[in-house]
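Student: Each chain, letter by letter, is given below.
Protein chains: 2
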Amino acid sequence: MERNVYLKLTDVDEARTRWFDALEAGDRSPLAVEEVSLEAARHRTLATPAAALLSSPAFHGAAMDGIAVKASDTFGASQHRPKTLRINKEAFWINTGQPLPQGCDAVIMMENVIPRAFEPDAVDVEQAAFPWQHVRKLGEDMVATEILLPPGTVIGAYELGALAAAGILRPAVFARPRVAIIPSGSELVPLAQADRTLLQQGRQLPEFNSLILSALVRDAGGDPEVLGIVPDDPGSIAEALREAVKGPYDLVAVNAGSSAGSHDFTAHVVAEEGELLVHGVNVMPGKPTILGKVGGKPVIGVPGYPISAIIAFEEFAQPLLTLWQKRRMPRRATGAVTPFQPLPSKAGLEERIRVKLGRVGDKLLAVPLPRGAGTVTSLSRADGIIAIPPASEGIPAETPVTAAFLRTQEQIDGALLVIGSHDNTLDLLDSFLRKRFPRFSLASAHVGSMGGLTAIRNGHCHLAGSHLLDAATGVYNQADIARHLAGIPVKLVRLADREQGLIVMPGNPANITDIADLARSGVTFVNRQRGSGTRVLLDYRLSKLGISPDAIQGYENEEYTHMNVAAAVLSGRATTGLGVRAAANALGLEFIPAGVEEYDLVIPARHWDDERMQALMAVIRSAEYRDAATSMGGYIMVRTGEVVWEFAG
Amino acid sequence: MERNVYLKLTDVDEARTRWFDALEAGDRSPLAVEEVSLEAARHRTLATPAAALLSSPAFHGAAMDGIAVKASDTFGASQHRPKTLRINKEAFWINTGQPLPQGCDAVIMMENVIPRAFEPDAVDVEQAAFPWQHVRKLGEDMVATEILLPPGTVIGAYELGALAAAGILRPAVFARPRVAIIPSGSELVPLAQADRTLLQQGRQLPEFNSLILSALVRDAGGDPEVLGIVPDDPGSIAEALREAVKGPYDLVAVNAGSSAGSHDFTAHVVAEEGELLVHGVNVMPGKPTILGKVGGKPVIGVPGYPISAIIAFEEFAQPLLTLWQKRRMPRRATGAVTPFQPLPSKAGLEERIRVKLGRVGDKLLAVPLPRGAGTVTSLSRADGIIAIPPASEGIPAETPVTAAFLRTQEQIDGALLVIGSHDNTLDLLDSFLRKRFPRFSLASAHVGSMGGLTAIRNGHCHLAGSHLLDAATGVYNQADIARHLAGIPVKLVRLADREQGLIVMPGNPANITDIADLARSGVTFVNRQRGSGTRVLLDYRLSKLGISPDAIQGYENEEYTHMNVAAAVLSGRATTGLGVRAAANALGLEFIPAGVEEYDLVIPARHWDDERMQALMAVIRSAEYRDAATSMGGYIMVRTGEVVWEFAG
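Residue numbers (the working numbering), protein chains in the order written: chain A, 44 to 692; chain B, 44 to 692.
The shape of chain A in the complex, shown without the other chains (with noise of 0.2 angstroms):
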């Protein structure tokens, strides 16, 4: 098998220059003006300064409804000595927007004019009218030729207005860029025949990078094409990239497939079919990023994780879109964030840390989501995104660095992060917090019950949630509260009591019936994290067997939800783990009762009256959510939203 490493990578900026500057970009488009109606406009780029066609108003109007007057017939009225105009002579009745007849150069508003008894066709004024007054004049919005819009204007409501008021219906825009994606992998199939069990066994990928690269495509103003899945070998992807760059496109992407070997592949043929120009920059996600130039056109070469795909994307392909647009490429918004944990990275490669934020007092705490090119979530999940550049090493925890964000500030700002123990009802709650109040959410990050209460102590969060079990008396969470967060008031309230117990396969193979069972031979077990209180119970009745965890095998395999505890079992990496129903409900698996306990939530005093938390505590304590839960099975939701103590600190 041939493999090839890496050419030196390379800075994202200099990539970008070194392909833009070898394709012209700057200076030549290869895109064609078109005139399109007002309606097909929207969105659409200028590409050539909107000039005024007529002025407007296009005449002297009524900015008031009342009477036009010429102004010097009405100099010298005053409430002792109105003057009196006749109708239709020296008054003329008139509603805003209509025309000043010829001669008059004032309005006079309505409010103003006295009508004569038993006169109708005069009436009396008792105030001059001076020149001009409440008269919208010829042009005083826009007089023709003036340049309203300069090109690279993106077509918008008011845009469309101020065309339309300046006679300009067919306004010239930029064609379209056209895009050509050509997605590359033997096992890829497309996204809508792929089959459930292929896809389970890892004998299909479903192709559904070329979806999101659309989206990008489209988000730049661009026209997407999608080509056939072309297999992983170098003689049909140099047949695709001939035939693509000879079609009518602007600009090719190739897609690898996932494996390593189909970017080579892309790299050899861009550099046979014409110049590559990058193999390889230096930012994690979208390292193996490949730029060249063939038959002229420019060509990308995007990676196959969906992560890498889209930097690697919007790094170059949307700035050359945009830029042939003359558009602004918009930027993010940025600020400073404080990481909740110390943030490592490799030095030599820029780090792109996705992150869910939360407001917490004056800080805005940054939670890391996980950094896989893979995790196709960690960007529908996050909330900003951190750069780490090339020459650090990291950043310490509690040390600000700037984040681009992906939300509003506002939708930042009405987000109530919950950081610790993972429960599938914080999920659902999100949902159901959204769903009523639009302007908040609930941001989780999942480091277990003592991670949670740590976080609480360093101000790093709004609440946690936690299970945590008291060995000495046998009552949840109140122990660890006194022990951990001396000097820091909080309730605590019920969000639910839950089942916890053993997940096995459907059948129940190994026929495990009590927790006794984790330490017979043939036994393997996938635990949780430390500090969770799935743990923290284990080890309680383990102590009370009298089992030691050396005895069990896999004690020491850690996972951080109850969801992947359940996927390690039905994936047959464990026989069993302990965690709640609901996560064995989801994935068809089959659950051993061994208790119910007490999930909590930990809200400190200070943040109880905040108006997201109290909008919560409604949405805890309703009827829907309450039900929905229930309904997930495993969870007695009876005393939710109940305070069940309070800790004064």
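A couple of the hints might just be wrong.
Heads up, the list lumps identical chains together, so a pair's fine if it works in one copy or across two of them.
[As the list claims (entries may be wrong)] Listed below are the simulated DSS-like cross-link pairs for lysine-lysine, each with C-alpha atoms no more than 27 angstroms apart in a straight line:
(1) Lys330 / Lys534
(2) Lys340 / Lys478
(3) Lys336 / Lys478
(4) Lys113 / Lys289
(5) Lys330 / Lys51
(6) Lys113 / Lys132
(7) Lys340 / Lys330
(8) Lys132 / Lys336
No lab work stands behind these hints: they were computed from the structure.
Place chain B on chain A using the hints.
Tutor: Then chain B, alone, in the frame of chain A:
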């Protein structure tokens, strides 16, 4: 003619709440839920929580290229005692993304796999693999049944990726809200059918509000339908409204013609056909808004002036469409700006003042645009909006106030603010600047040459346009700069030498030949404002000729731009006015030359090295720009870009 006064004006928030409450808008969405393909789902809004149908990855897969192994087979390997693994027995070649063979639980990356000489079927490893090293575990990104996206999510590129990865090929989205738009007004004609002559006589008004409102409906995720134009009488409006509420629409908007009479018809009709909830809100523009309910459906009476119509739609119709879809209403970013001059405001009304913005030093300066509700360009040109609350009578100059931004921070920061005398070549310069440097722009405000020098002195702009003739020396600009800008070093850069002259109707019916003719009986003049260079030039010439301003009829009629002077002549408001040739050319008027004057840019030394300024200078000095200005007529661009004088301050 029957007329009505407004009912009591209602606060915007109160009006919205009253309308929403009457509609039970928060609880009862009229929108159906439909399942659409992912291709069709872009920009649609999720109606239900999107729960993963598949786990992702769907299997344990390699995260690196290399060999898949069982970790325990490698335990004990070291550089001195490598472990030998047989290919396809203990080690399996694997590419990133491929599933691990049964029994394997780790991947060793290519770089650490050592081929054995003469043994193609075996490799050595010199380091133990730990379990799950370089493996993407089943469910690492998402686990089936997990909620990925909450309802109300607007689906973009990232969300499409998450939905596809989760196997959700037909997400449940809200049906687009359907909005009927009924234009009403007897003078209105469809835009495409408008006759230029009738428009200029005010006998026709082009109907284009429906185009703007349709774009605003689409921006909020809705589906607009523009119904036929309805004449301005209660019977016709009532019939159109009755028909529309019976139709397949979720919201009906009646857009009054610009005559105020029609607003009242709409209010009456709504009251008679259903329930009139609000008639008049205390916001300006936007006051004559009507909110009601007919046949159980929401009805909005939208004012006739475009800016009023937009504000009414943004305050009431868009939030309703957004709420129905459980979307978050996008709010504009806000920040502190400093008004360049006092902003008076009527007490009792909230005023929305559109402003140009420029960051000068550490202040974001705001220059107000025309306030009229009919000046549609005041929104298309605006960078921000300052809302002055009803209780306030205005904002003093230099007092920071909050503005909502219509541009990104980057766009605002890229703008150079030029204040002073107006010249058409400045608009042209903005177009050329944006074209060559898409990050930068030139925001101009017109207050005359002296106003420009004052703005320089106060640090209110980056540069000023000036053509101030010194009567004593005959030299332009230098004397006034020396007099008014003591302590402020500036460079004086020639923008253009331009012809000034008398603008007259085609054929010059009053036979104007020079400035002396202005004093002739029967000749009316339109002047420029005090402090403008043109005014200084006029006064200089008059004094040389010994003509008193009192002898000139219309000397006191002031306009702020050359174009408006030309418009005054075209409309017959004045026989002639002094202005540049370009303005006369633009409106097809005749031009009697009265001399060449020097139009310069005054640039403080402290802004000279600013990258925006250097970009501007590069454009000013380009042949492309100079040629375009020359071809407008009346400009001599020979010394353009030359630093003609430096003032040490």
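Student: For each hint, tell me whether it holds in the structure or not.
Tutor: Hints and how they fare:
no. : hint            : verdict
1   : Lys330 / Lys534 : neither (47 angstroms within a copy, 48 angstroms between copies)
2   : Lys340 / Lys478 : between (47 angstroms within a copy, 22 angstroms between copies)
3   : Lys336 / Lys478 : between (48 angstroms within a copy, 25 angstroms between copies)
4   : Lys113 / Lys289 : neither (70 angstroms within a copy, 48 angstroms between copies)
5   : Lys330 / Lys51  : within (11 angstroms within a copy, 63 angstroms between copies)
6   : Lys113 / Lys132 : within (10 angstroms within a copy, 103 angstroms between copies)
7   : Lys340 / Lys330 : within (22 angstroms within a copy, 54 angstroms between copies)
8   : Lys132 / Lys336 : neither (76 angstroms within a copy, 43 angstroms between copies)
Consistency note: the structure conflicts with the earlier hints numbered 1, 4, 8.
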